[in-house]
Each structure stands twice: as structure tokens, then as C-alpha cells.
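Protein sequence lines correspond, in order, to chains A, B and C. In terms of our numbering, the first sequence opens at residue 1 and continues consecutively. In terms of our numbering, the second sequence opens at residue 1 and continues consecutively. In terms of our numbering, the third sequence opens at residue 1 and continues consecutively.
If you're looking for bench data, these hints aren't it; they were derived computationally from the structure. Ideal Cβ positions, reconstructed from N, Cα and C, are used throughout, including at glycine. Hints should not be assumed to be uniformly reliable.
[Stated by the list, open to error] Cβ-to-Cβ under 7 Å is the rule here; a few derived chain A residues that face chain B:
id, residue
1, Ser50
2, Thr168
3, Gly169
4, Ser171
5, Leu231
6, Met235
7, Thr269
8, Gln302
9, Pro350
Each chain is listed here by its residues.
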Amino acid sequence: MSIEILTLLFFGSLLFFLILGLPLAFVLGGVSVVFLYFTWGFDSFYMVSSQIWGTMGSFTLVAIPLFVFMAMILERTGVANDLYRMMYLWWGGVRGGLAIGTLFICAIFAAMCGISGAAVVAMGTIALPSMLERGYDKNMALGCINTGGGWGILIPPSILMILYALITGVSVGKMFAAGVLPGILLMVLTIGYIVIRCYFQPHLAPALPPEERASWPEKFRALRSVILPILIVVMVLGSIIGGITTPTEAAAVGVLGALISALVYRKFTWGLIQEASIRTFKLTGMIMWILFAAHAFSAAYQSMGAQELIEGFVQMIPGGPWGIILSMMLITFLLAMVLDPVGIMLITLPVFMPIVESLGFDPIWFGILFVINMEIGYMTPPFGFNLFYLKGVVPPSITMKDIYGSIIPFVLVEIVGLGLIMIFPSIATYLPNLFF
Amino acid sequence: QETFTWKVQSHWPGASSSYTDSLVRLKNVLEERTDGRLKLTLYESGALFKAQETFNAVSRGILEMGTISPAYAQDKMTLAGIASGLPFAFRNVWEAAYFHQGLGFEQMLRDEAAQYGVYWATDKVYPTEMVVKNPIKTWDDFTRLKIRSSGALQKFLTEAGAAASYIPGGELYSALDSGVVDGAHWGAAQGAYSMGLYEVAKYHVQPGLNIAGTDAIIVSQKALDKLPEDMQLIVKQALAEQFWVRTNEYLFKERVTLAKAIKEMGVEVNTLPDDVQNRLVKTAQSMWDEEGKRSDKAQEALDMLKAYLTELGYL
Amino acid sequence: MRALTAFMNGVTRLNDFIGRWVAWLVAAMFVLLLLEVGFRYLLNAPTVWTNELTQMLFGVYAILSGGYIMAHRGHVNVDLLYSHFGRRTRAGLDIFTSIVFFIFTLALLYFGADMAQESIRNLETTYSAWNPPIWPIKAAIPLGAGLLVLQGVVKLLQDIAIAFNLSYYTPEPEEEAGEHV
Ligand code: NA
Ligand code: NA
Numbered sequence: 001m002s003i004e005i006l007t008l009l010f011f012g013s014l015l016f017f018l019i020l021g022l023p024l025a026f027v028l029g030g031v032s033v034v035f036l037y038f039t040w041g042f043d044s045f046y047m048v049s050s051q052i053w054g055t056m057g058s059f060t061l062v063a064i065p066l067f068v069f070m071a072m073i074l075e076r077t078g079v080a081n082d083l084y085r086m087m088y089l090w091w092g093g094v095r096g097g098l099a100i101g102t103l104f105i106c107a108i109f110a111a112m113c114g115i116s117g118a119a120v121v122a123m124g125t126i127a128l129p130s131m132l133e134r135g136y137d138k139n140m141a142l143g144c145i146n147t148g149g150g151w152g153i154l155i156p157p158s159i160l161m162i163l164y165a166l167i168t169g170v171s172v173g174k175m176f177a178a179g180v181l182p183g184i185l186l187m188v189l190t191i192g193y194i195v196i197r198c199y200f201q202p203h204l205a206p207a208l209p210p211e212e213r214a215s216w217p218e219k220f221r222a223l224r225s226v227i228l229p230i231l232i233v234v235m236v237l238g239s240i241i242g243g244i245t246t247p248t249e250a251a252a253v254g255v256l257g258a259l260i261s262a263l264v265y266r267k268f269t270w271g272l273i274q275e276a277s278i279r280t281f282k283l284t285g286m287i288m289w290i291l292f293a294a295h296a297f298s299a300a301y302q303s304m305g306a307q308e309l310i311e312g313f314v315q316m317i318p319g320g321p322w323g324i325i326l327s328m329m330l331i332t333f334l335l336a337m338v339l340d341p342v343g344i345m346l347i348t349l350p351v352f353m354p355i356v357e358s359l360g361f362d363p364i365w366f367g368i369l370f371v372i373n374m375e376i377g378y379m380t381p382p383f384g385f386n387l388f389y390l391k392g393v394v395p396p397s398i399t400m401k402d403i404y405g406s407i408i409p410f411v412l413v414e415i416v417g418l419g420l421i422m423i424f425p426s427i428a429t430y431l432p433n434l435f436f
Numbered sequence: 001q002e003t004f005t006w007k008v009q010s011h012w013p014g015a016s017s018s019y020t021d022s023l024v025r026l027k028n029v030l031e032e033r034t035d036g037r038l039k040l041t042l043y044e045s046g047a048l049f050k051a052q053e054t055f056n057a058v059s060r061g062i063l064e065m066g067t068i069s070p071a072y073a074q075d076k077m078t079l080a081g082i083a084s085g086l087p088f089a090f091r092n093v094w095e096a097a098y099f100h101q102g103l104g105f106e107q108m109l110r111d112e113a114a115q116y117g118v119y120w121a122t123d124k125v126y127p128t129e130m131v132v133k134n135p136i137k138t139w140d141d142f143t144r145l146k147i148r149s150s151g152a153l154q155k156f157l158t159e160a161g162a163a164a165s166y167i168p169g170g171e172l173y174s175a176l177d178s179g180v181v182d183g184a185h186w187g188a189a190q191g192a193y194s195m196g197l198y199e200v201a202k203y204h205v206q207p208g209l210n211i212a213g214t215d216a217i218i219v220s221q222k223a224l225d226k227l228p229e230d231m232q233l234i235v236k237q238a239l240a241e242q243f244w245v246r247t248n249e250y251l252f253k254e255r256v257t258l259a260k261a262i263k264e265m266g267v268e269v270n271t272l273p274d275d276v277q278n279r280l281v282k283t284a285q286s287m288w289d290e291e292g293k294r295s296d297k298a299q300e301a302l303d304m305l306k307a308y309l310t311e312l313g314y315l
Numbered sequence: 001m002r003a004l005t006a007f008m009n010g011v012t013r014l015n016d017f018i019g020r021w022v023a024w025l026v027a028a029m030f031v032l033l034l035l036e037v038g039f040r041y042l043l044n045a046p047t048v049w050t051n052e053l054t055q056m057l058f059g060v061y062a063i064l065s066g067g068y069i070m071a072h073r074g075h076v077n078v079d080l081l082y083s084h085f086g087r088r089t090r091a092g093l094d095i096f097t098s099i100v101f102f103i104f105t106l107a108l109l110y111f112g113a114d115m116a117q118e119s120i121r122n123l124e125t126t127y128s129a130w131n132p133p134i135w136p137i138k139a140a141i142p143l144g145a146g147l148l149v150l151q152g153v154v155k156l157l158q159d160i161a162i163a164f165n166l167s168y169y170t171p172e173p174e175e176e177a178g179e180h181v
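Bound conformation, chain A alone (with noise of 0.2 Å):
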């Protein structure tokens, strides 16, 4: 059977069983097993197995039980809550204050993590409840953290930059100091659309009324509830820059910092903390099951000769240089939406690379080029991790449609953005060249 036959026998295969409700780990799982046995052989199937051994002893995943675990403390002490209320009481006059408080943090949260998931689940833990809470949209809130938490594989650190070097043998330095300015970009575009989206639809995330806006000595007592974040957030990034841990290491910090607020709150109970490790076991294994079964599937599809199925895509490609790169990025957007991300680098990178570099494109800008087209590819249905990673995260009453729904405007936000980066190169490639 020719791999286009198979691809969309095995992408048809994985739509069929995810609408019919099957839980995403176990139609990745299941799909790939039967494809296996009809390519392969029953003895193939220790490849599954053999994955799944690779990803349990993948030291990087470490950090999302661990900032999983910090915003569930940080959630039930009422640290949240309480950064939240101030962010409220100052930015309540503002329409969408809280979302753009939202997608600061997320920022921040981004520089101190190199994976998406832990994030996503973590700004979902913390602020969605307050969001909603004052009355804001879910579409604005679901989106603006799938958005902002998928910005940790752009801002440094990041597990898939290193990746992205070590796969294609540029440098990590300069693909980290490359994706600040794009981050901030995709954050400042993300920022705009919802000060003009609320200007318009003041419904969408309602401004405090005049009325109940606080008093000046009201806001600056609220004030001290930034003091413990900024602490967390000082001695997370302090750490990874200051040499003292790796960033994986960082998230352990990080939890420390979360205990130390529970402690000054008087929250600090055995009780609370059981609590916050049962969920954290709960959303960090929904997490790693995804996981496992995503790394056996793009191994199948691997094994299957997906690379040939790229070459073949590539040599068709028409419209000279741009036309190429365009491709190029459509095909990561199209493979991002149901591989995962260390798969499409190992399927496509390869056959990429020579073609960007012989075109006298530069690499680092691809790089970050790729990276946002994969961080769009997180957010988008059918597959998106992201999507997955949220709904573990949300009560009952939002359901998949909510979050799908949620994310257009976003993703067409981060379109944007990538199509300035792809017209300026410059917001990629500045940094890099002003450091190294």
C-alpha cells in the first residue's frame, strides 16, 4: 500500500474514533497498533512498548508534574485568588484586564518552562475560575490561555529550540535569544486584539463598574498580594540564570516557592496538600498518556515512511522560493495538527533543512518560523494538545466545542504575527546577531 493510501487510512482512522468519543490517548494508542501489525508485523509491537520506556525516562518531563503540582498549592491557598482580586481592583476599569493579566503571566510562566503542556494546565488551574468568575466569556478566557500558554516552546527556555539545533546543528543560544522578540510580538498582537475585541463587545470581559472600583488605599493594600508570585517567579528564573539549577530542576524550585506561600497564608496542611498531588497525578497523567501514545503513533507513521511522503510533497511544490517556504509551513501546520512535536521535527527536518539553507534562507529564522507554526499546530483542532491539555483542566460545564470555538481569532492572531516575522526576519534574527 503507497503512504498516501496509508496516511489517510491512519489520519482518517484517528478522526473516526476521536468523534465517536474515544478518549485521545487510546485512539493514538490503538490506531498505531493496528497499523503496525498490517505494515509490520505483530513483532512491531514492541516498538509501543519501547516508546512508551523512552518517554518515562525523558528527565525534561520531569517539570510538568512539578509546576503542575505549584499552581494546584498556589490555587488552594488563595495566592491566585488573590493576584486575580488586585489585578481586578487595578485593571478593572480596563475591558479585558484580566485576560491581558492572564497573558503576561502565561509569559512569564513561559520563560520559566521549556514544555506547553504544564503550562496550559497550570494558567488553566489558575485562571480560568477567576476569570469566569467576573464574568468574562469563556471563549475569551479558554482562548487567551491556549494562546499564551503555548508560548513556552517560543520563549526561552525551550526543550523543542534545543531540539530543533541539535536536529538541524544550529546553534542553541542564538534560537533562544531569536525567540524573544517573536514572543513578545505574539503577545503584544494577542494583547491588541483583545483590547479591540472588548472596545467593540464590552460583554465579552466586562470592565468593574464605576461604582464598586476601588479606592487608592483599597488597590495598594491589595498590592502585597504580588509579593509572593513575584517571589515564585524571582527565585524560578533567578535560579535557571543564575546557574544555580537546570530548568527542569527550576520547577522543583518553584514548588518550594508555592509551599512558602501556603505557609505565610496559614494554609499549609497535610490535607491541602494531599489534595494538590492527587489532582496534580490526575492532569499529569492524562498529560503523559497522551504522551506515550503520541510518541508510539509518530513512530508508526515514522516506520510507515512519512519522509518519503514529504519528499515527495516537496519536489511538487511550485512558486520558487516563498512558494516553497509557504509550503513548508503549511505542511508543519497540517502535520502539527495531529503529530506531535518532536515527530514532525524528525519526519520533516530533514528534508526540509538542505532546501530553506540551499534557497539562502536563514535557519534560525525558519527555526522560529517553525516553532510558531507548531505552537499554532497545539491550538488547533483535532488534535491539538493544548485543546486536550485545557479541557482536563476546565469544570464540567465547558465542553470540547467551547474550547474548539474558542481558539479562530487567536489562531488567526498568531497567523499574523507569523506572517509579520516571515515579511520583517529581522524580529527573528535582531537578537542573534546583536548577542553572538
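Using the hints, position chains B and C with the ligands against chain A.
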């Protein structure tokens, strides 16, 4: 005529020079010499199996061929410890090459791997060298180091008095940059260059921590037996030739890469002072005997190695 | 029929019990990572064992979560079409799609057991500088897969009971999946 397609899983990422120089080379040689009857489909590190699982996959015949570091087969191969290099044993690459091919260590490896249905062929022998952020001028400089290491060398560096810790490859650059560690080894010059380590650590330490057959090509015996006899011979001859071609070429590229790093990135070679070297050699030698205890064959290999080093005048 | 009910409750309770204990491993991972930072940064004496032990605990933590999460309906799905159907239709669909679930989990159980058995036979160690035994961690794969399969069987029995109005299982009042402890 029947054609065969082998799935080959590498332990090198695609950007690694060895992926092209070793694996793509072998693929081309085999396809050419068999008139296209044997085709290799190459997969990058981790694409199908975790690198540590490749030996098992080849042993089970799920993969026809793979590349590994002997360390990944430690649980099966009692000779793997010696194959992946005793610290400070050889001083020149040719000595390690002669140990493998001239004295028969390669055959010992092949015999042991055969018990698991695997045909073993060392890809090349080469040194493992450190890069550090500050030059090592005294023994104290060395013991103050925090070094990213792994496996046997981590144990060795710890015994010798440095603070060696394991950091996964994905976090190595950041760790070295921010000073979580102030030294690391990732292959030698080419490895350090490909990982961008010279950007953040400017001193290349010589001599190497070890010189060994750190890359091996393994073939499923089952897959090999399925080939007609002439093709089996072609595969074995190509692998035998590969060792010499690659060992020599790798050395050449090491020097070229180091020269480039020196010229373009301001890297300096930090030759360890004699007293530091002597103390490291002493620690190393006291650790060698451990490897012999793994099996009779391992002891035999170790005795052979010691006799050889004595003959060379090093012991 | 009573035996069936007892089996279903027993499996769910087993997964619950294991889950509640394994969930504490996050605290262990936290302590270990912090210890390593302390040893390395404050004492300049990194250990060979903390990061590796953390890694091993993490693997166990992740793989053993499958059954517990299944028991609590925490594996996320797409409810786009699904939420429009009635309870019995959904149960019918779940019975159908459970084929895919069992193909995956049984393959994992079989090959995980195979991998673990080989590791136990050789008393495999990691051959790192610390060199601890690795077989208990590999053994966690078939264990985790087995717990998940068992919980899957429970879910299947529940769905059969719902779809065919059988008496051995009384479903709880309607509630949607989502994160609730
Ligand atoms: Na990040
Ligand atoms: Na997607």
C-alpha cells in the same frame, strides 16, 4: 533478482556528522556493491526506538540494522564496558585500533554479540574529550570542576575528585551557559561543536578522557542469513572496511573542527598539566579492574589490554 | 451477578488505593530535585543518584496513573458529537470503541511484560554511575497496563449494563467528565 530493504535505526541525530559520514556512507556503499539489491532505510535517533532499546530490537530481528554506543548494550554485553572505553588506557587512536583489529578484541565483541543474534562491527575508534569554561592549570582547578558527564566516565570523574553530574543532552547547553556545570564532554571537538558548547565553554581539554570504539554498527544475524552468500560477504567486508575509513576520517575531521573552533570562536586547547594527568591515570587504573569482574571474557580482555599497554611501555 | 459487581468495585477500589499512594511521588520528586540542587550548588558535591532516582520515580508515577485516571474518567476525549447522544447510545458507542482501547492496552501489556520479564531475568541495572536496578521500573509498565486493562474491563461491563439495562451495575446520576477529585 530479489531485493532486500533494511530498516536501520541510528543513535545519531540527523545533524551529527556521523549520521552522514558513517551511516549514509554505508548505505551508499552497500547499495552500490549489491547493484541495488540491498537498500537501507535510515531513521534518526529515537525515531522508532529509544537509542537504548536498539540492541534489543536488532536482537529480536524487528530491526535489521542499527547503530549504538556499546554502553546501550551493557546488560547483555559484558565486554561493553571495555568497548566503550577505560579511562586513560590508550594514548593514541592507532593503539585502540590495533587492540580491536590486530589483537582480536573486535572478534571477542563479535562472539559475545552473536549469542544474541547480533553481528557486531565497531564503526570507529575515537577519543572523548572535555570542554570547560575555565582552564585547568592545577589539581585544585580540576577538583573544583562541576562536570556534566554520564556512565562510566561520570563514575571516574567523581572518583578522581571532580563533581560530576548527569544532565540530559537537551539541557546541557543551558546548564553550561548559566554555570550549573562548568565542563562537559559530548564526543570530542565535533560533538562539542555540534551542540554549540564552544559558544559557552572556550577551553578544549586534552588529552582525551578515553579512546574507544564508542560507536558500533549492529546487524541482525537473522536478516544477514536471509541474504544470498555473495551479499553477506559484501556486507561483512563493507563493515570491516568502514572501521578503517571512518577511524581515519573522523580523526581528520576532529582536527579540522578544532582548528575552526580555535580560529572562529576563540577556543583554546587546555593541555592538562603533567601532575594532573598522572593523578588521573592513577585513579583510572584503580578502576579498570572493576570491568574485568563482569565475566571471564571481560577478565580475558582486560588482561590482554594490560599486557598490551605494558608492551607499549605505559604500565 | 453479585460476583461481577464485587469484581467491578474491587478493581476500582484497587486503582483508587494505588493512585492515592502513587500520587505522593510528586512530593518525593520535589524533594530529590531540591536535594540535588543543594548538594551541587551549596556543597559542590552533586550526587550520582538523585536525578536518576527522580527519573525512575517519574516513570512509575506516569505509567501507574492510567488505571486511576480511567476510574475517575480523567482521560480526555472529544465530546463534540458524543455529548448530543443519550446515555445508552453513548454506552453502545463506548462498547464499540473499546476494541481500539483493548488493542492498545493489551499490546502494551503483552510486550511490556515481555520487556519486563527479560529485564528481571537479567536483573538489569542502568549501568550509569550509580547503576541501580532498572527492572522494577520496567516491571511497572505491565503493571500499569494491567491496571488500565482491568479498569477498562470494568468500564466495558458498566457500558454493557447501561446499554442493555442489566441489573449488576447502577450508574451514578449523570455527570460530565472533567477535573473533579
Ligand atoms: Na519557555
Ligand atoms: Na493541533
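inquiry  = Tell me the hint numbers this structure goes against, listed in increasing order.
reply    = Hints 5, 6 and 7 are the ones this structure does not satisfy, whereas the remaining hints hold.
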